[in-house]
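From the two separate chains plus the hints, produce the assembled complex.
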Amino acid sequence: MTESITMKDKIMASLKSFGLPRLIITGFLLLLLIMAPFVGADLPTQISNIINRFSWNGVLVLAMVPMVHSGCGLNFGLPLGIISGLLGATLSIEFGFTGAFSFLMAIVIATPFALVLGALYGWLLNKIKGGEMMIATYVGFSSVSLMCMMWLLLPYHSPNMVWGFSGKGLRTTISLEGYYNQALAGIGQINIGNVSIPTGTLLFFALLAFGIWAFLHTKTGTAMTAVGSNPVFARAAGINVDRIRMLSVIMSTWLAAIGILVYEQGFGFIQLYMAPFYMALPAVSAILIGGASVNKASIMNVIVGTILFQGIVTMTPTVMNNMIHMDMSEVIRIIASMGMILFALTRKTEASR
Amino acid sequence: MITDNAPLLEMRNIKKDFFGNQVLTDINLKLKEGEVLGLVGENGAGKSTLMKILFGATDIRETGGYGGEILLNGEKVSFATPFEAIAKGIGMVHQEFSLIPGFEATENILLNREPKKTNLIAEVFGERLDTLDRREMDERAAKAIEKMGVKIDQHMLINSMPVGHKQFTEIARELSKEQLKLLILDEPTAVLTEREAEALLASIRGMSERGISVIFITHRLQEILSVCDNVAVMRDGVLVQEVPAASTNVEEITRWMVGRNVDNTAARTESRINEDARTILEIDKLWVDMPGETVRNVSLSVKEGEILGIGGLAGQGKLGIPNGIMGLYQAGGRVVFDGKEIPLNDPRKCLDSSFAFVSEDRRGVGLLLDESLEWNVAFPAMQVQNRFLKNYLGGLVKWRDEQAIREVTEKYIDELKIKCTSSKQNARELSGGNQQKVCLAKAFALEPKVLFVSEPTRGIDVGAKALVLEALKKFNREKGVTVVMISSELEELRSTCDRIAIISGGRVSGVLPAGASVEDFGMLMLSNVV
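Chains W and U are the protein sequences, given in the same order. Numbering of the first sequence is given in the numbering used here, commencing with residue 4 and proceeding in unit increments. Numbering of the second sequence is given in the numbering used here, commencing with residue 3 and proceeding in unit increments.
One chain only, chain U, in its complex shape (with noise of 0.2 angstroms):
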């Protein structure tokens, strides 16, 4: 049903900047009543920051707000609070649920919103005093459930349910409010088995029917081709294609995601796989607990002196194969470096097999922030090692050598062009993309056989990003360390990396050589996707 009228929704030339830094630029987007829009995106892509935006989220509004405009039934709007969105019509199921565990489905949908009984005592002391019109809010719970075509219990305690119907109770609690007219799904079957997800479907597509506008945010694209109108596809704050769904396949989309510029991608040009060079560290069904990065059965074999690439979605588990080797997280498996077993779960005996591991969380594992920079790069290589270190009475003594730590850490400040006052200064006070430049010189320091790299790039401009990825490149030619380098951004990969495993559902779906298209990774990031 859908309409030739005045679009339901146009955003016009939305631009957002956090501090500076350019995440949305000029999007323009219509959506008409009963239309349902596929939106996808690489992570960061800027699909969630859109959809703040719209939905008047107050973190955008603190954050400096928003550029362009948006028009709501050719009206224009714009939200300080998500209640001015909820009033305006506009609902929506985020990715974590904000239910409350112990109330039913019925409590949960009206909540706040319960058809009520005046009684004596609240005609004295207020409205607040009124009772529950329970029988009507049955009815009214009942009709949202039927709307959304899903059959759940109604009275089931939300902490008895499994994630699914948690899932559609979120979805039944905006539908049940009358002025509905645009509903936003934020990656909604993340958590739903398949036949859930299929339900999920057909009731977006009920939706539709009744003229309710659906924008449906997911990373599984059959899905989105089965049931959308129309494909917005988003890419480092630009809207890249805006086309019927009918008009394409999920090849196309995946290329519109991935794709900076297909044709001219500056893929590693001296790429060198090595078929002769031994395997150094053998990766046998490694599973890592780690939350929201669980790796649930990696198998991988990483030849001596290459630098392999880990890549995959955010959440699929490349995090945590890491951070499992590493001890940081309970993990099992087995992991075999050089001929000879490693124990998991014990960071010591991986740093005394020459592992480094550089971590994605540079501030909370990373760094000594409130310690000297020759403490941080020195600190590792001291306890591990017994390096700068001058010995007393026969060994008994173990005195910081405060010189040999100073050269240590001057001379990487010196390689890595590390910008700081002295070596003396605290690691806390140094830019991101220092920081990070420490946390590489601190396992630099420690003269590792085997180098984890965990998101070396994430949060740091591109002129420290340029000189890290070179400072990785030089130490893998020079030294000939075996690099593992992790990294949710694939061009990086593709420009470090001598082969890209990509990590999809806590399982290696395929490793390639870093010359191989845009493509075929992409297709591998979202099979199996969880």
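This is chain W alone, in the form it adopts within the complex (with noise of 0.2 angstroms):
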């Protein structure tokens, strides 16, 4: 008898933990899975998608939690941290390398700019304390802005790459057929039916996930967890408030650099121009989804929010379009994203500093 409370008290207190928003978004998505065989659509299919898109987005969705963790909110300028990624793709190309090789070229390329880029990024956010989001918003504008000119100006040469007739400027979309298309995802793919699983795509990113996760276990960790939690309490520990603050910067940007090329693999074309602006709200919505707040995060909120967010994402518009018989997939993947991402931001204060 006790021994039932006490396993009920136990399920009560997961699933308090796990949240109401969650549960919600959680069975609707159960919802759309049940209801997918009944009107047509390949269940496999989806769930393999809902994996595939899981797969591509993790690492944006990890690049947050460094800034959460030390107090800088969300990293609404994750495009900067794209744009570092996109520099070493389009570079990596442009210096010739090809097949998997040129993602690990990218890699190395990107990096530098995105702690350059990060660093800078890091010393601004350092100057407007309070103030965070919004400045990180329009940090991600302003340098896609930026780059929208760069691309056409910069001398790139690679005839992949340019646009065909002038024979310079980057295309909007650059296919990544002979270059690292699928590098991760094709390392140990499994393929049962019609589900296949991206393994190399999905232990790289637990890779990053574990490095994070145990980089939150260090001392200097520890120290960003406090200086989010409360920076007054870090200063007086003797901490350098801004030092660490500027590291979980460099970090989050590095991260949003690496996970642009993890989505290019996948998806397999790199997208120029206007395409880094619409990444960081889908990444700032997915890990409020996954339940974090502004000023706490687990690798935990990132896996079920990316989950969650992607799920939704893939599967309303394509039960929906089953449904209505009419293909008005890309307007209602639109409303379904926006709406979730609506959701997400008016969760932002369920947890207040």
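Derived from the structure by calculation, the hints contain no laboratory data. Bear in mind the structure is a predicted one, so any value in this text is a computation, not a measurement. For every residue, glycine included, the Cβ atom is placed at its ideal position computed from N, Cα and C. Treat each hint with caution, since some may be false.
What the hints assert, rightly or not - Partial pick of chain U residues on the chain W-facing surface, computed with a CB cut under 10 angstroms:
1. ARG212
2. GLY213
3. ASP348
4. LEU353
5. ASP363
6. GLY366
7. VAL367
8. TRP377
9. PRO382
10. SER424
What the hints assert, rightly or not - To give a feel for the contact side, a few chain W residues facing chain U, derived at Cβ under 8 angstroms:
11. ALA212
12. PHE213
13. THR221
14. LYS222
15. THR225
16. ALA226
17. ASN233
18. VAL235
19. GLY241
20. SER301
This is how it looks when you write it as structure tokens:
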């Protein structure tokens, strides 16, 4: 008798810690999955879709974690890191690297960009404590606009990337065929029927996630969490708050650079110009839906949030399309993803500072 | 012109508690027309609460109202808002200014009570479009200023006025109200220069002659004696004395203010002043820019192994001293510890020199409210001294040693009797007293040579108070740690410390052994108050 009560308590407690918003979204996602076969969508394909999209986006969402921990808020300046990644990607191709090796080189080339831009970004955020998220948003926006010009002006020559007629300026979309398309996903890919699991990408994500988890267990990582939790306390304990915040911003920017490369290798294309503009909000939403707050986030929040967000965004259009027999997938996808973002942002105040 | 009729104001058995914490007990007070009453008491004695009740401040009602009754001209009143109090002829000048900086004195004096001229547009659209009658305004403001008896420029903008004139503008505003019968002045002279204060006192006398009663709150006892008819002394929410000002003196008032029971005060019995102990910490010409607690020029020496108390009234700078030394606020001067000069404005350097600090701002500075007790206790020691860490890869990776952290936390939970569900509980969920114990545990875990403790018993219950003070004494005795304890409560300092320095006006006004008489401490506290 008593055991059943404690069991019930345990279940209730774990449900409570999971949180009502997540329960609702999980319920909705399950409903969509159940409906899928009835409206004629192939369930294994859909599941495979969700897993793939998770693998593409996971690292971008993970990039939120360091800045959230140091109290810099959600990294709305994600495009800055993405641009570092794009510079790495395009330069790697420009220098003539091919195949999976070009992925490695893209990471290598993107890293110094991410570190320098991250440091500048961190310096800026240290100047405007309290208004980080607003400034971060505009750092992201303006860096995207600047790069719109730069993609045209920078002296790229690789025929695979420049506009056909003029022979200069990068195209908006660059195929990665022959370069690092599926570079990670191809490693140990598992295919069961219509379900394909990109083992390599998932392992790569797991590796980075483990890295962050481990970092947060070190002395510096502990300091970072304390800075986010109460900067005055940290300062009184002799922590150089600005340095820790700077470090977290650099980490976030670097992870964003890696994240976009992982995304590209799964997606198969490099998207330039305005594409990075739209990358920050889904990542922010995913981690919020995963249960993170403005200054608390765990790896579990990243995983749960990415699965839920990507799950809803892939499943809703498919199921709706099949229900109304009309191709509105793009419209519904936008409604669903923007709706999720809106929902997630209203959740932001759920846990206060 | 004190009359023998029914008193203007009578307060009967006023009681007030804030959520079970009794702050006023059975206050009985009478005030005749034209009488000037000086109200004195230490910070927290209940003066402001009493005035708030009288003035109908909304936070009194929001916290459950008050007991007892107030009679104005023999008629029972109960003000729900300050507006009702104003309508009945009560005016109040607060410690903080409530003036509009970009407006002239005249405009501020008559704000929202301006004489108006109607015009055609206002006839059509209503009186909100009336224009101001500037000439009438000037006349009325001039009259109010004249009534006050101090000359101020009525056309000067508030933000270009010296602080004293702002105070006078506030007073003139109250005086411009025709119905004014009782004026409450809450520490009006705190911001005034000596000459301005004198002018104010003269104007209080003038008001009294015109039949306006004044309740005058101040820490400057001389002013009370020179201007008031009667003096009321409050202590711990009780009105301990009410006597004619002519029959008393500063020493007597001081004794009433600070002395609990002057005769049997428990000064620390085993008070030990070791003249031979070497000076371990030398503070020389310290200034600290801490808002509200400015330290101007403090020189102190702390002897090894002693408990030095630092006391004084609120706002006089005693809290600025530890905050400045520990680098939390901008500071200057010299701090020499054990022969080495400690650089200021760098918290890390202080911690490296084995100082520790328990802040008065428990929730703001002292704790990671959203983290476990383990983190709170172990964090500074981990960051400053690399303790509770496991080194991997030749020290490259410093991994948190969860087990060591738990052990040290549990040790202090036992030692300080911290009430919690486990060492994993978040600090936010603990009561104030237990949070304070966590702050102490944090400082103890650093194993400091000098421990600064700021207001260790503020806002905690009696039981926890005793425990915290005992823990401090024990820490000092057993580990030989030098303790500098800052507190507003003189009794607490006297029962804990060996020597007590009193800070007043941002300076040391004197250092006395804990056994010195309460009157002596009181005199030091009130000397050169700013």
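Results for each hint:
Among the interface hints, the one on ARG212 (chain U) is violated; its C-beta lies about 51 angstroms from the nearest C-beta in chain W, farther than the 10 angstroms criterion. The criterion of a C-beta within 10 angstroms of any C-beta in chain W is not met by GLY213 (chain U), whose closest approach is roughly 52 angstroms, and the hint is violated. Because the closest C-beta pair between ASP348 (chain U) and chain W is about 8 angstroms apart, less than 10 angstroms, the hint holds. Annotation: LEU353 (chain U) was flagged as interfacial toward chain W, and the flag holds, the nearest CB pair being 4 angstroms apart, inside 10 angstroms.
The interface hint given for ASP363 (chain U) holds, since its Cβ lies 8 angstroms from the closest Cβ of chain W, which is under the 10 angstroms cut-off. With 10 angstroms as the threshold, the beta carbon of GLY366 (chain U) comes within range of chain W, its nearest partner Cβ sitting at about 6 angstroms, so the hint holds. Because the beta carbon of VAL367 (chain U) sits about 5 angstroms from the nearest beta carbon in chain W, less than 10 angstroms, this interface hint is met. Checking TRP377 (chain U) against chain W by beta carbon gives a least distance of about 7 angstroms; that is within 10 angstroms, so the hint holds.
Hint status for PRO382 (chain U): holds, given a least beta-carbon distance of 4 angstroms to chain W, under 10 angstroms. For SER424 (chain U), the interface hint is violated, since its Cβ never comes within 10 angstroms of a Cβ in chain W; the closest pair sits about 15 angstroms apart. Because the smallest distance between the Cβ of ALA212 (chain W) and any Cβ of chain U comes to about 17 angstroms, over 8 angstroms, the interface hint for this residue is violated. Evaluation of the PHE213 (chain W) hint against chain U yields a violated restraint, the C-beta minimum of about 13 angstroms exceeding 8 angstroms.
Proximity of THR221 (chain W) to chain U holds as hinted, the smallest CB-CB distance being about 5 angstroms (cut-off 8 angstroms). At its closest, the beta carbon of LYS222 (chain W) sits 4 angstroms from a beta carbon of chain U; the interface hint therefore holds under the 8 angstroms criterion. At a threshold of 8 angstroms, the smallest CB-CB gap from THR225 (chain W) to chain U is about 6 angstroms, leaving the interface hint in force. For the restraint placing ALA226 (chain W) at the interface with chain U, the shortest Cβ-Cβ distance is roughly 6 angstroms, inside the 8 angstroms limit, so the hint holds.
For ASN233 (chain W), the interface hint holds, the least distance from its beta-carbon to any beta-carbon of chain U being 5 angstroms, beneath 8 angstroms. A least Cβ separation of about 5 angstroms between VAL235 (chain W) and chain U falls short of the 8 angstroms threshold, and the interface hint therefore holds. Annotation: GLY241 (chain W) was flagged as interfacial toward chain U, and the flag holds, the nearest CB pair being 4 angstroms apart, inside 8 angstroms. Proximity of SER301 (chain W) to chain U is violated relative to the hint, the smallest CB-CB distance being about 13 angstroms (cut-off 8 angstroms).
Violation of the numbered hints given earlier is confined to hints 1, 2, 10, 11, 12 and 20; the remaining hints are satisfied by the structure.
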